[in-house]
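The residues making up each chain are set out below.
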Amino acid sequence: MPGPIQSIERAAAILRLLSGRSRRLGVAELSGELGLPKGTVHGILRTLQQVGFVEQDAETGKYQLGAALLHMGSSYLDGNELRTRALNWADALAARSGESVRIGTLHESQVLIVHHVFRPDDSRQALEVGTLLPAHATALGKALLAHHRYIATDMARNDLQTFTSSTITDVYRLRRELDEITERGWASDQEELYHGVTSIAAPIEDRRRVVVGAMGISGASERLCDDASPRPELIGYVMETARAVSRELGAIPW
Amino acid sequence: MPEKYVASIDQGTASSRCIIFDQAGRIVSVGQKEHRHHFPRPGWVEHDPEEIWSNVLIVVAEALDNASLSRDDIAALGIANQRETTVLWERRTGVPVHRAINWQDTRTDHLIHELEGDAGQDRFRDRCGLPLATYFSGPKIRWLLDRIPGLRERAEAGDVLFGTIDSWLIWKLCGRHVTDVTNASRTMLMNLETLDWDDELLDAMGVPRAMLPSIQASASVYGETGTAPLAGVPVASALGDQHAALVGQTCFSPGEAKCTYGTGSFLLLNTGEQPVLSASGLLTTMGYKLGEDQPATYALEGSIAVTGALVQWFRDNLGLIGSAPEIETLARTVEDNGGCYFVPAFSGLFSPHWRSDARGVIAGLTSYINRGHLARAVLEATALQTREVVEAMNADYPVSISGLKVDGGMTANNLLMQFLADVLDVPVMRPIVAETVSLGAAYAAGLAVGFWPDEDSLREHWHKAAEWLPRRNGMAVEKGYRKWKKAVARTVDWVDEDDEE
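Taken in sequence, the protein lines are chains A and B.
Mapping the first sequence onto my numbering, position 240 (from 1) lands on 240, and the numbers just tick up by one.
Mapping the second sequence onto my numbering, position 200 (from 1) lands on 200, and the numbers just tick up by one.
The shape of chain B in the complex, shown without the other chains (with noise of 0.2 Å):
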């Protein structure tokens, strides 16, 4: 038999993806376009559907096109798919009633405030596993079906239907409209412990059942794909981004965390067969379900919104350096951060503390005080933040992370990685497949078409890439950590009611 490879779309928020990989987990091939961000008012994100689906079609023939492959040689396609993103289709056309509206969108403000009322952030939490904030789709379908005349009927008749992008793609690759449990535990609609939309949470948001999906697992055969240039290739997966990272990593055992670090930064603890709902902060979600009789995997999830931009605001707005990968020779002309503390509190504060109304702090300036300890600083913050996270995560669950496995942008840079071990205490390791996320949707795909067996022959895959052990200075470490905490305090109750825009 001639050798069959996987194929996955990666559909992140600035480009569309796709990698072939072959039956040892190594990447074949690549396309990838990017795609065009409409702003049409401050806060406002939104993306083209159509022109989503048309740059899929193309990256799929371009990565083909590299390898001298056909859809004869594509086993299955899974999706990974940038999360919480928003789109509303016609059923008869297929013809979306509205650009799509990014998880990042926060026109959504004045009804997640609404729908606080009394009870606060939290009043979902225990259906859900999630507060109230803007990312969420919930919110995004009922700001739609209150903004568009006569949406919400043609909603409640089933003439419209909603998707996130995994639904969207689905419905155009093969006709059929699902989505994966990852993906519908973004919505806020979705019950955790019965995996099916939650009547509570559907009228509270006042969303109608009849234009949602049908809930499948993340390894699954929705169907075959009906439109070159896979046409007849199974569609076999569809995962939230990180939780595909989650798969990608092979963290399939309970206590195993991966945290991918890009433009912000996300860290995910496989907590097992339950939910474990959260009292530090962190967000309760879904691992994966890797087949229709498998049982779902949750996971506790802590998102930190600035680090990587960080790095980029460094060099953009302050222009102390000419690229990203310089900051590690600036940080390195110095031995340490003179005793100064970078919060990145750009738009609030997030995973674990949730303030909305903090703002950025340089703590501990003195006149001793110079651009490599700002780099320093800057570079630090990544890994402080990541041990709020991990401290949140090990106050939630009853075994404490031993061992991170990272991937993303920064993981290039050295200093940042042996930093994040010495603050942890704890090993990190980088893979030596870094594409996670379109590796985990591949390795979904394969699962449900039989192209891999179990999840243990996938973590045969997995292989060290580089790992920095944490060094022994206990005293240094939880020194700065103190400042750190410190400096976190700082930022808290900046923004005052005469502020707003």
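Bound conformation, chain A alone (with noise of 0.2 Å):
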């Protein structure tokens, strides 16, 4: 039987030195600390970075634990748990801003409806639960990829599909876009899937404070936009439900 493998318990001893008290970790630090020179940790860090294992913060350039591993080290949280959490509050977010709302989580690269309230103008329109979208096109997909990076990083390595004239198919434009939603809370979809539509969303987090999916509202940009940018009352609304259904999943589960 072969002996250890030396890369992979460097590799480990990152995630531990990551997961202790101080979190964020430059390669400086990380080569102090391990005793290893700066180019080999560089190098584990970069590999890391690639499965989702740890995450560059993109103003101080540390390290910090990635999301795909917090997702394996826990339970990840249901859909139709998330959607029974969620009921109240997305109805009360369509009656507020009069338009449908929908809640997705990531499946890979596409993000999975797992909940849908009607707009209520009582016309004619269909439940989407179970039905895939891109994620780079939509609002909750982009809310979701900002806190994903992993997989946004996998998406890439294809090339993104061109719905509408307006669809991000350039990947360091995306990734800008992502770092913008990152840091204001929200993202929108101005058009980018279907022509006429805008959508706002925000990330839904759990108690560990991982974000476990997005919701948000979709209409007709003429009633979502001003001047070509979505209304800041709608914004508001959204967000404000997103965090109230964090909230709820950071009490106990009933």
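Bear in mind the hints are in silico, worked out from the structure with no lab data behind them.
Owing to the predicted nature of the structure, the values given are computational and were not obtained by experimental measurement.
Using N, Cα and C, we set each Cβ at its ideal position, and we do this for glycine too.
There is no bait here: all hints are sound.
A few chain B residues that face chain A, going by a derived Cβ cut-off under 10 Å, partial list only:
#1 Ala24
#2 Gly25
#3 Ser323
#4 Ala324
#5 Ile327
#6 Thr329
#7 Arg332
#8 Gly409
#9 Asn413
#10 Trp462
#11 His463
#12 Ala466
#13 Trp468
#14 Leu469
Work from the hints to combine the two standalone chains into their complex.
In structure tokens, the structure reads:
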């Protein structure tokens, strides 16, 4: 039987340090702690980043544990559970905004719709629960990708599909937008999937602050936008509701 | 004029809640507090009426606080309540003479058999619409009058008063002794035609008229609140919770039906201005009476004892799922029920069978069945029981149900709702305000004070949040329903004489 594989041992040591008290460490700090050359540590970090086990903070350049690792260490949130816990909040968002509401979770590189509330105008609408939407062309998807960068990195290996002239197909532009979304806490898609349709979404976190889903509204651009940007009060409703659901998930399960 | 709101108290079996609604019928604020259950003996369930009253004041204050509102912002207060639960109190002091006897309490079991005599459980059905059963208030009053020394004399003198929870709260809020037609219709003491206490029923049950509240409309200004935090606000509605849900779902036309899916489930069908006596095992009850000068609307009711409770049982007693919503995930691991049917007759069969000698059955077990099939059978049981009730409704009422408005916690389960639409072969619709009980009490109170002009204005607030359309798979559905009926047939005649206690 072969002996232990050195690079895996070193990767494990890095992860252990990142799970410690300081949580965010730079290459220099890690190499100092481990007594390894910076180049070696950097190489291991790059691989860990690619598989989603660590993430690099855009501003400071420091590393922290990635969402993929957090997901593995805990049971993921059941989509049916998410719908049940969010039900009243989603109804209230639809009533307040006058638009249809959807809740989605990441399903590989797509968004799985786990809940859908009709636009409250009694027009003919069909339930979309169970359908898959492209992550890079939807507000729900981008809100999720902003917190699951390893999936965005994965997606960049293939061409990003074009749906309208506004669809983001450039990987660097997508990355910049995901940075902005992380910063401001909400995402939008302005006619990036369908002509004439705008969506606004915000992430839902569980009690470990892991993003487990996103919720948002969609509707005709003329209702959702002022001067070609999403209306601030609608953004406010979406963010408040997503925060309320996050609080709900932080409570003891019933 | 500043915007006004309506406050609605939902005094339920588990908790008291206050929800404040705006003029568009949207939820503005919620307060909620649970109360204790007392179980002095097996089968006995009691609440402390004073605790319920103080909780009601707390949740009202909480709801006002949460939205930074004061009594000046509230146009009216409405009440929806757990039905049949019985309170007796002293007129002079307002002090209860006993803890409230909860609707689930079965202490009147022997009394019920005594009252049945040779006539059977339908002895009073043509007068009050109900079969003899332990739920209803009349026998509970009789039990207390028989057991507490001197109580009957004080009741005959009008010194001790009876009320369901609505009456108790209205008494505490504004000092008047009244109830509404929907709550009165659950006592077995009210005549369905006259909407007054029935002398023959009072006689048979041994309940003196002097202790009973006056019966008013469901939407009516009973008085003004005399205590903080809503001093001066008119108390303007009272409805039993299921009747309130019928109003909250705006089922205002004959033939419209709603079903509330909770621990148990209750399907009410609006049958218009005439009571429809059931030949198919349903209850005849009041729908609502939205104003003293408005006609009373009647309803047929199908009560299913175990629906959500079966999912809880599956979670707690079998441990195959960690939380109730996970049942959908487990059920979706298989294509169908694999031929397995689960009839949850845990304490007998209710509407439309009324067989207390039945007990639960899992039928169609083979070595092929796994936990996914069981999860499906658990969910399908709720839909198949609903189909039995709907078939009974269609037999008793000339117009078939053409759509079902649903509410309650189980409507979050998409698999169940789709299956329900398939099994009933009608569209199933969930409204955007899921709190239909509170909303119904708010609507009635708002109508009574002119906050809303009429029923049509309320209909405009009802919006579809989701709709499940029946899929064309008639053959499979009919076969499933046939098998279900065979499974039901296997539950009866299980309890033997020597099984008791």
